[in-house]
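A.B. asks: So the protein lines, in turn, are chains C and B. Throughout the first sequence, residue numbering follows my numbering, covering 229 to 548 in sequence. Throughout the second sequence, residue numbering follows my numbering, covering 2 to 293 in sequence.
The set of hints was computed from the structure by calculation and includes no laboratory data.
Capping the alpha-carbon separation at 25 angstroms, the derived lysine-lysine pairs in DSS-like fashion look like this: (1) K339/C x K181/B; (2) K27/B x K334/C; (3) K181/B x K334/C.
Label-pair ranges, simulated between beta-carbon atoms: (4) D440/C x E182/B: 20 to 26 angstroms; (5) G121/B x D304/C: 24 to 30 angstroms; (6) I141/B x S297/C: 55 to 61 angstroms; (7) A466/C x E182/B: 33 to 39 angstroms; (8) G120/B x T303/C: 26 to 32 angstroms; (9) Y252/C x D281/B: 40 to 46 angstroms; (10) D355/C x V39/B: 38 to 44 angstroms; (11) T306/C x I155/B: 47 to 53 angstroms; (12) F353/C x F137/B: 43 to 49 angstroms; (13) D355/C x A136/B: 50 to 56 angstroms.
Glycine residues also receive a C-beta, built at the ideal position from the N, C-alpha and C atoms.
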Amino acid sequence: MNDLLVVEGLGKTFGSKKFMQAEYAVTALRDVSFTIGEGETVGVVGESGCGKSTLARCVLDLITPTTGSVLFDDTDLTALDAKSKREMRSRIQMIFQDPYSSLNGKRTIGKTLAEPLWVHEGVRFKDALPRIHAVLKEVGMPISAADKYPHEFSGGQRQRIAIARALILEPDLVIADEAVSALDVSVQAQVLLLMRGIQKERGLSYLFITHDLGVVRNFCDRVLVMYLGSVVESGPVAELLTNPKHPYTKSLRDAAPIPDVSKRQSLALLEGEIPSPANPPSGCAFHPRCPRATDICRKEAPKLEGTTDQRMFACHNPEP
Amino acid sequence: MTTVDTTPPASETRSTAASLLRLARKNKLSTFGLVMFVLILLAAVFAPLIAPHDPLAQNIVDRLQDRSAEYPLGTDKFGRDTFSRILYGLRVSLLIGLTSTALAMVLGCALGIIAGYRGGWIDTVIMRCMDMLLAFPTLITGLFIVAVLGANFINIVLAITVTILPKFARVARAPTIALKEREFVEAARALGYSDTRIMSIHIAPNIMGEVVVLASLWAAYAIRIEAYLSFIGLGVAPPTPTLGTMIRDGFNNILDAPYVSIYPGFAVLLVVLSLNLVGDGLRDAIDPKLRD
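All chains should be built: construct the whole structure from the sequences, respecting the hints.
C.D. replies: Here it is, written out as structure tokens:
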């Protein structure tokens, strides 16, 4: 499998140095590296504020990363000039979390779908119609949707339209930032099935960002677990969830609800909250909440290591 | 796939005229305002056909008369027919008021959207300039420009434009900052649209509701500023009638012939009122959520 996207040492520090204001620096992303192969789905999980969305936006260059490189199809996106970057945009697309705010309420669905074609390929609205109808059909919407406004649709329908917009340029990589989190469970399943069907047909790759391990289990090939801006563990989904090495991954897995009451075990729930990235703890960022923390965890940050590229974790005292 | 089945049946495309008619039935007060404004506009445009007298013709014998069959709204101190002068005065006042509002709206919104979308030093420079303009009372800014450049049509339009421009910039900037964080703007950037495209196609239409309401209010205000400037003698040069000059002309005889000032004042009131009512209706009409 060829690597479509290679992210190396990606870091982002938000900072401010303003007149009469206290200087501050927040490291939202710290030395993140991973790859996505052609036709592969890579999941990113973690609590709110762990840098998942920053990661997505850095890959897409909506936010300029502070350090590191993003290689897409052997081209370094961070080194491109504005024009080639815009051209590259047609090959990486994004599906956003909130379908209520990701569509422009003043434009009909048809216009929203025609715009990328006009900007990137100079296709006029009339000539774009067959493609608009085709993509609407592909996401399971009636072609009459093209004449309507976003407010005439439900959340699930809107998310389909957002997916249609991401697909119309025929991208190679789609980044889904919590794409199903805002939808209720039955609609979630439909949208996920739709996304998987499209993947099979078009052979595209997904970077799938979520906080829901259940979705990851069913949808992703590999997964990265993030904590406070760093990847703490990565590996193939099945292996990582059955045998988590990092205590954080284990607690995440154990916190996922089990729909069968008789199988529920007493939960070792994680205490405390994710620390402020403006003032991270010393050593391993997870040590204040970690049940396995020892002295070395307080002093020295563990490195992300593993026997193979497939399975890596950053912990001094990994789970057995 | 229940979500697909719940799609409402495709509504037949209605003509613009039909949807306007439906809107008019729903919002009677605004319709009234619109009708009033259109009538005023028509009266101004067709002033030469409607006016019973030459607005400049003096007839000293009939000076300072109250309403009569010959002079529907009386005469001023030179014996000129007030009704005819109001009709011709409306032309000048409306032209100045609407031109300057349109200019201020376009320029102010452009500046406000750029400031809000770009942020940083561009925002600081634009908005501090707007603050500087706002620091002076509106009338003083207008007065200053007209006094320095001289009182003619173009300078008065310029003066009023500069006076109300910062208000548009501020009103455009605030929602731009809010919209910039919305996902559809991020989506537009992710799709590789240029900043100019995002600002003009994705942000501008979304703030038009607020701006149009404001424009109708400030058009009314622009007409009032024109009246102020004329009132203190910095308007369009006499004998061209404007509503402001007419109010001032009557002021000397306010005790014995108040109607000379009152009728043009009433004309200003009607214009301002109709514009405000129209503004309210426009706000509803521009929002697709309220369209059906």
